[in-house]
Amino acid sequence: MTRLDDSTLTSETLAPLPGSSSGRGRVLIIACGALAREILALRDINGWSHMDLTCLPAILHNHPEKIAAAAQEAIDKHRGDYGQIFMAYADCGTGGALQAVCDAEGVEMIAGPHCYSFFSGNAAFEAAGEVTSFFLTDFLARQFDTFVVKPLGLDRHPELAEMYFGNYEKLIYLAQTDDPALTAKAEAAAEALGLAFERRMTGYGDLAAALETLNSTAG
Amino acid sequence: MSDEDDIILSDLDDEELVQQMFDDLYDGLKEEIEEAVNILLERGWQPYDILTKALVGGMTIVGHDFRDGILFVPEVLLAANAMKGGMSILKPLLAETGAPRMGSMVIGTVKGDIHDIGKNLVSMMMEGAGFEVVDIGINNAVEAYLEALDEHKPDILGMSALLTTTMPYMKVVIDTMVEQGLRDDYIVLVGGAPLNEEFGKAIGADGYCRDAAVAVEMAKEYVARKHNQMSA
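Heads up: the protein sequence lines correspond to chains A and B, in order. Residue numbers for the first sequence follow the UniProt record's numbering, beginning at 1 and rising by one. Residue numbers for the second sequence follow the UniProt record's numbering, beginning at 1 and rising by one.
Hints are computed from structural coordinates only; laboratory data are not their basis. One thing to keep in mind: the hints can contain errors.
[Claimed, not checked] Simulated crosslink set (DSSO-like; lysine-lysine; CA at most 27 Å straight-line): (1) A:Lys185 / A:Lys170; (2) A:Lys66 / B:Lys30; (3) B:Lys91 / B:Lys171; (4) A:Lys66 / A:Lys77; (5) B:Lys111 / B:Lys30; (6) B:Lys111 / A:Lys170; (7) B:Lys84 / B:Lys153; (8) B:Lys171 / A:Lys66; (9) B:Lys53 / B:Lys84; (10) B:Lys91 / B:Lys153; (11) A:Lys150 / B:Lys153; (12) A:Lys150 / A:Lys170; (13) B:Lys220 / B:Lys53; (14) B:Lys171 / B:Lys111; (15) B:Lys171 / A:Lys150.
[To be verified] DEER-style ranges, computed between Cβ atoms: (16) B:Val134 / A:Asp155: 30 to 40 Å; (17) A:Arg200 / B:Ala95: 26 to 36 Å; (18) B:Ile8 / A:Leu4: 32 to 42 Å; (19) B:Glu198 / A:Glu162: 29 to 39 Å; (20) B:His152 / A:Met201: 42 to 52 Å; (21) A:Met201 / B:Lys226: 20 to 30 Å; (22) A:Ala104 / B:Phe72: 51 to 61 Å; (23) A:Glu169 / B:Ala202: 47 to 57 Å.
Where is the CB? At the ideal position from N, CA and C, for every residue including glycine.
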């Protein structure tokens, strides 16, 4: 599996990583950098060698108003090289703006409000209705400082945690992989925010199904 | 400021002290703000004047710099916390001294949403501007809003949401108000990070408030208009 650096995935747009078949795949996945490892793992496990992967900076997670424009730019850039493009994003706080871009371009995307939901399974996530829970994935657990601590100023002012997280009760770590070190990191994050901790092994949830559908569609 | 520790607040004259309070609010220094408020009270300042000239004046600068991308959320929160310290001293005194009353507002975060930083900031700035604010907290179903409107009969209903998944609930509340014939009895203002003016219009709100300062200005404008209509 291709090794990817989290810092690169956080802040940079990744050039297409080609699938193994004939050096260039027939389908381009445009993904959030926070999903890169998971998509490559699924690609490797399932032998989806026709898929190429490019990623937008994961830090857009903290600026969802910028996602739709970045996605449009990526589609425009790669449209000529690929017959089919798939957007590996859910709505992700764009308020329907990303869906509108995808609809206009004839590009499919992942169903659901965000990655916490599709990793959990959209139906299960909605049914649970855990509004007082703060979620981390594998990527966000690894990048907790970059995505949570520093942007919220908690490194400089830890006393602000109560103002940000006072209404939350629990941090739920949605684990894609079984990694004790990452679990310990997520648990430490919960402790830093003053929240109870729960780990849920979700695996890849609806992400696998979304890519599987794409696989069969692509033939 | 490097020489901050050397400043003795009580040695400053009124004008210098208010300027220093602007700086201390900007730097989020709660204890210094509380000390300065007490000094001004001892000097015979009216609580309302301290509130408007020093605290609101200072937070307005913070608000402008936040809007212009000079300050960020953590700094605004620290400033708000410092202002809250000053407000907690002034609030009981404001009631006693008959401060001007601009109007009233019920405010709350919508169902499914537990985020309240923006709402709390708006509440504080509205109180600072002379509004009576009833804060019904977070995760409010339509019934909670209607109950609060019925109980408090405010001029304004304020709704807040941080999530794209929860902001559509504002329309549920407004539609229910329309169904029950209540909509025109209230000014409805909405706000929250993922909202915009277009959304505010689409759901039938009177106004979308980009930040706390805009909320205060819009509230003043709508309440003045409402009172003019009533007296016409």
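Going back to the hint list, which numbers does this structure go against?
-> 2, 3, 5, 11, 15, 17, 18, 21, 22, 23
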